[in-house]
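Asker: Start from the sequences and build out the full structure, keeping to the hints where you can.
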Amino acid sequence: MPSRGPGKPPAYAVRFPTFEDFVVAYNDHLRHHRVVLPLGRTLPAGTTVRLRIDLPDGSHVRAEGTAAEVLAPGQQSVELHGLGADGRRRIEACLANPPVDGDLPANEVSAGRLDVVLVDDSVSVRLAVADALRERGMRVRAAASALEAVALALKRLPHVLVSDVEMPDIDGWQLLRMVRARPRLAQVPVVFLTQLDDEASRLKGYRLGVDDYVPKDTSPDELAARIAGVVGRRWRSRAADVVGGLRGDLRHVSLGSVLGFLETERRTGSLHLEHPSGDAAVVHLRRGALEAVESASPFASVDDRLFELLAWQAGTFEFVAEPDAPPSADARTITYLVLEFARRKDEEAAP
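The working numbering numbers the first residue of the sequence shown as 1 and each following residue consecutively.
Using 20 Å as the maximum straight-line C-alpha spacing, the simulated EDC-like pairs for lysine to aspartate or glutamate come out as follows:
no., residue 1, residue 2
1, 155, 28
2, 345, 304
3, 204, 249
4, 216, 249
5, 8, 79
6, 216, 198
7, 204, 265
8, 216, 135
9, 155, 20
10, 155, 115
11, 216, 199
12, 8, 64
13, 204, 263
14, 155, 21
15, 216, 131
Simulated restraints, written as ranges between beta carbons of each label pair:
no., residue 1, residue 2, range
16, 328, 260, 12 to 22 Å
17, 287, 64, 53 to 63 Å
18, 89, 277, 48 to 58 Å
19, 343, 155, 48 to 58 Å
20, 342, 296, 16 to 26 Å
21, 17, 169, 22 to 32 Å
22, 216, 276, 15 to 25 Å
23, 215, 320, 21 to 31 Å
If you're looking for bench data, these hints aren't it; they were derived computationally from the structure. Ideal Cβ positions, reconstructed from N, Cα and C, are used throughout, including at glycine.
Answerer: So this is what it looks like as structure tokens:
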């Protein structure tokens, strides 16, 4: 409802029911210095109005605007002015720190072709990748920024989000955090299409919940196949109790690095491994210490079974958390075993 004192312009409060509504409104209107007011009676064009914009984080921004075109019955656009640096800062801070909700609804994917949201700040890359995926039967909605991608995804849930990592303003890491923090988007697979190829970056992505890394020079056919594979795996296993999204590909990050992270974090649970040959294994950990290794290995000792797995150069991994428990007296230290494996490899390679 508007408020108005003698001789003063009408004042309105602008509110957003959810953070998702705020992101969509920002992408569609606020970033273009506009808001849309639901008015029972429209204002004459050019009318000055005062606005209080209530943000989802509890803060608010005051601004003035000018009534503009009527967009639909009961909806009128207002061109903002006088937002100020402080107002922009508050809006950007709210966008950068989305609230985290605990409950994850079961988001159902629709039948038919894959629906892809693609984000890359490079126009040429965006056009080339979008065209390649469309030629292979996918529906692609392209975005030039992370916020635009989130808004597109919130409007219609995609099967997968494909993103660059190195982008201005909000990069791929921040986008991944935003997606994983939102209940509506948390189960959407995320693929990084990037030039980053160092193991530290890949492990960081897997820790945050990325589903796959694909180099930018990957052929269109392989890219489409990788995207389809990620979607299939993610939606088949979305109900699994996987902590921190720690699943990934051993081609991108070594098993030693994964185990080192789990040791540092003192995680308790089972690390499930699968080799392209069909071999599978499970590594059991308690507070980051090695308890047992289940595999088809002929070796009897836990150390030798783990050494055999550390030699894998390909395969997938997925960590499933279990109730916390102290390690047994026979538990082995991961750091020692990884260093011992490296020492043995050096000895084998020595002339």
